[in-house]
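> Order-wise, the sequence lines are chains D and S.
Quick note on my numbering: the first sequence kicks off at 1 and runs consecutively.
Quick note on my numbering: the second sequence kicks off at 393 and runs consecutively.
Bear in mind the hints are in silico, worked out from the structure with no lab data behind them.
Beta carbons: idealized from backbone N, C-alpha and C, even for Gly.
Treat the hints loosely; a few may be bogus.
Computed footprint of chain S on chain D, listed as stretches where at least three residues anywhere in the stretch have a Cβ under 8 angstroms from a Cβ of chain S [as the list claims (entries may be wrong)]:
hint, region
1, 7-20
2, 215-222
With a straight-line Cα cutoff of 27 angstroms, these simulated DSSO-like cross-link-like pairs (lysine-lysine) come out [what the hints assert, rightly or not]:
hint, chain 1, residue 1, chain 2, residue 2
3, D, Lys138, D, Lys74
4, D, Lys301, S, Lys572
5, S, Lys406, D, Lys301
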Amino acid sequence: MRAVLTVWAKELIDTFRDRRTVLTSLLMGPLLGPLLLAGMLSMMVSQQVDRAERRLELPVAGAEHAPNLVAWLKRQGVDVKDAPADVDRAIRRQELDVVLVIAPAFADDWRANRPALVEVVHDASRAQQTGVTIARVKALIAQYGAEIGSMRLVARGVHPGVSSPIAVAERDLSTPEARSGMMLSFLPYILILGAFLGAMHVAMDSTAGERERQSLEPLLATPAARAAIMSGKLAAAASFALIALALTLAAIVVTFPLMPTDKIGMKIDLGLPAALRMFAVLVPIALFGAALLTLISAYAKSYKEAQSYTSLLLLLPMIPTMVLLVNPVKTEAWMLAVPFLGQNQMIMKLVRAETIGALEWGIALGAGLALAAIVWALAARLYRREQLAISA
Amino acid sequence: MLEVENLHKAFRTKTGTVRAVDGVSFRAADGEITGLLGPNGAGKTTALRMLYTLMAPDQGAIRVDGIDVAKDPTAARRRLGVLPDARGIYKRLTCRENIAYFGRLHGMAEAEIARRTDALVSALDMGEIADRRTEGFSQGQRTKTAIARALVHDPRNVILDEPTNGLDVMTTRALREFLKRLRAEGRCVLFSSHVMQEVAALCDRIVIIAHGRVVANGSAEELRAATGEASLEDAFVKAIGSAEGLH
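Make a model of the complete structure from these sequences and hints.
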């Protein structure tokens with residue numbers, strides 16, 4: 001046990017004296033992720049607020065065919081503009097978001113009580129940017145149509161309610177926290193990847209790197225058990241990953257409340273209690289990652305070989321996130337036992353401020369720790385190999 | 393005291409099985425310097441690696457102060473100070489921290505580590521470098537640090553694999569004096585070398601290894617007498633059958 005502590009302390013001191021590693025892993029990494037996230041979210045919020053509240057600018061082609069409609073739009077506060085000659089081209093070249101085209105036959109159809117045609121020309125592939133504007137335009141036209149329809153019925157002595165047999169109303173029961181979950185669906189990936197591969201440098205440097213620097217052989221000639229030496233290195237790698245993770249979460253706790261998400265009906269509740277719970281969720285992943293990276297470093301013949309394996313590991317935590325993106329499913333208990341998927345679901349639950357039962361905590365943490373223990377045992381076996389110390 | 397009996401070790405390679413060590417037996421006594429002499433690739437390093445328990449022999453027995461290495465490798469390692477062929481030190485730690493790390497892994501108390509480190513620093517004349525980080529150390533300074541690290545736990549038996557490799561003349565001379573001092577303290581010193589003069593100048597007993605076997609064993613005089621050659625170099629060449637790989 002003393003050997004484990006000795007190796008752990010030495011590896012941490014050694015790493016912390018490597019200024020470049022510390023700067024990239026503990027300063028840039030933990031700050032860059034949350035800052036990027038916060039920046040993106042702020043931009044999304046301000047764009048949405050802007051689009052929803054700004055005076056609607058609406059280019060109209062063929063305004064002369066429906067002067068009443070245009071006048072009504074102006075009364076609703078719409079800034080009606082002249083449309084360019086070639087509407088389709090302007091939309092395709094993204095010069096305009098939306099154009100209202102009034103058909104030449106509008107007036108004739110109108111007078112004949114036939115549905116009169118107006119077209120909302122837009123580019124649906126740009127729904128992210130233009131969706132709010134288009135929805136506003138459609139809602140206005142529908143409102144105008146409904147008003148005129150009611151007036152026509154009243155003029156004919158018919159109650160307007162006759163033509164609307166069903167009233168549809170929506171009741172959105174999502175909480176502001178849950179709505180923010182949609183925006184934060186990429187947060188788990190960033191955190192899981194950070195916890196999983198935060199140990200990369202220390203784990204690889206302390207096994208594959210130590211062998212290449214020719215100091216592993218003397219180390220293994222000491223009476224300290226190989227499993228103890230390996231465990232010390234693994235613990236140092238995991239500690240480093242957890243320090244980086246704690247800094248990342250601290251940056252999130254500090255920066256996220258500064259974002260004006262309440263303006264779009266969302267609430268990001270990532271205070272200290274949620275951050276601490278996320279940290280707990282990710283401890284098994286950090287141990288698993290450190291064990292897996294140690295295993296790989298002990299298996300690989302060189303530092304370079306170990307590096308090429310770890311680039312594949314980058315994809316591993318992505319798989320559940322990708323699957324969920326394509327096929328979003330409701331969380332079931334067994335999912336919490338699947339590595340990465342379980343952590344993903346737990347973090348999303350925390351983001352959505354859902355309550356998590358003791359059983360769920362037990363499954364998520366237990367399965368992760370069991371997995372880490374299995375990989376640790378495998379790494380200990382590999383560490384006993386004769387070839388371990390001998391560099392090619 | 394180190395005793396090696398009929399040691400065998402083979403490695404499988406792509407081109408077939410290589411018998412790196414093929415029946416090596418020798419004894420290294422306390423208060424003596426024993427030299428393991430042989431050309432490059434003779435199996436010296438592999439034999440030493442089995443001796444300090446990094447590798448397990450396919451066949452044969454090793455005893456360190458009477459302890460069977462196969463049965464109790466940890467107890468054997470406690471009695472061994474090892475300078476392997478690979479002697480990397482941690483460049484972000486100071487010389488003293490490098491030494492203390494190994495002291496702790498040997499289970500020593502901090503006060504004992506400090507006392508031993510001071511003794512080794514003065515014996516190896518490294519007062520100036522002791523508290524510097526080892527990044528940028530010369531080859532000689534690195535070797536001294538590695539030797540001090542290997543001897544921090546005051547072992548009765550000292551194994552050095554080609555200790556003078558890459559050292560300049562002055563450092564080599566200082567290292568020889570240090571090995572003599574270890575002998576005077578009654579320790580058992582075993583070192584390997586492919587440099588004849590070094591072995592001749594230093595060793596009480598010479599074990600000549602070629603192609604994984606011991607081809608001659610004895611004091612310098614005994615070797616000269618056995619081969620009928622006047623110079624040790626000729627005796628050596630005769631013993632191994634060729635001058636290949638010699639300096």
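> Could you work out which earlier hints the structure fails to respect and list their numbers in ascending sequence?
4
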